[in-house]
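Chains W and S supply the protein sequences, listed in that same order. Using the working numbering, you'd call the opening residue of the first sequence number 23 and step up by one each time. Using the working numbering, you'd call the opening residue of the second sequence number 12 and step up by one each time.
It should be emphasised that the hints constitute simulated quantities derived from the structure, not laboratory data. For every residue, glycine included, the Cβ atom is placed at its ideal position computed from N, Cα and C. None of the hints are false.
Simulated crosslink set (EDC-like; lysine to aspartate or glutamate; CA at most 16 Å straight-line):
1) W/Lys37 x W/Glu107
2) W/Lys66 x S/Glu16
3) W/Lys100 x W/Asp79
4) S/Lys105 x W/Asp78
5) W/Lys66 x W/Asp78
6) S/Lys105 x W/Asp79
7) W/Lys105 x W/Asp85
8) W/Lys33 x W/Asp108
9) S/Lys117 x S/Asp89
10) S/Lys105 x W/Glu128
11) W/Lys66 x S/Glu14
12) S/Lys105 x S/Glu14
13) W/Lys37 x W/Asp108
14) S/Lys78 x S/Glu16
15) W/Lys33 x W/Glu107
Here are a few chain S residues that face chain W, going by a calculated C-beta distance under 7 Å:
16) Lys53
17) Gly54
18) Pro55
19) Leu57
20) Tyr60
21) Gly109
22) Ala110
23) Gly111
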Amino acid sequence: EAGVAQSPRYKIIEKRQSVAFWCNPISGHATLYWYQQILGQGPKLLIQFQNNGVVDDSQLPKDRFSAERLKGVDSTLKIQPAKLEDSAVYLCASNLGLAGVRSSYEQYFGPGTRLTVT
Amino acid sequence: QKEVEQDPGPLSVPEGAIVSLNCTYSNSAFQYFMWYRQYSRKGPELLMYTYSSGNKEDGRFTAQVDKSSKYISLFIRDSQPSDSATYLCAMGFKTIFGAGTRLFVKA
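Using the sequences and the hints, build the whole thing.
Next up, the structure:
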């Protein structure tokens with residue numbers, strides 16, 4: 023079974039530029055998450071999708087970050103314009119999203135995109 | 012005060028040692044507790060999850076939850092160099108992560 027795919031793996035941009043990250047979840051996984059992991063910290067949830075609807079985007083800085091999950095499969099996360107403090111690893115995760123304890127909490131993570139803003 | 016507190020380490024132990032990793036939390040409503048392992052430049056992977064209080068064992072790993080003290084632990088027996096990674100506790104329906112503890116197991 024293929025895992026969660028993310029691209030690009032690395033990106034370096036200057037502040038005020040825009041950037042986009044792509045995620046392809048595990049086939050059949052209804053729930054998709056985007057996390058931001060700053061060096062030395064744990065992942066922080068930015069947005070959660072259930073199929074193509076947003077479940078939680080309370081921690082997404084909506085003035086500069088946007089995300090979409092068209093057709094309930096792939097997802098893109100965009101930052102425009104980027105700030106120095108956006109330097110982090112952006113992780114995508116997915117799970118089945120069905121009722122039941124383990125399927126709700128076992129999230130499968132991709133390798134992440136390491137963003138450096140200079 | 013952060014909702015989840017975890018000592019970032021680093022923690023360095025010799026091969027074969029018993030490792031104890033811990034987290035404290037402030038929200039008494041948390042019912043689900045997870046431990047993830049994250050190797051360098053990889054995404055986290057789920058190691059263990061527990062519901063409410065008690066112990067859960069899986070091979071060399073044991074997870075403990077003490078809800079009365081708002082304290083969770085992960086024990087690793089017979090630690091191996093391949094266990095060297097960052098261990099993240101996570102909890103709650105919205106999956107709030109601790110900062111992670113970096114573990115080094117020396118051969």
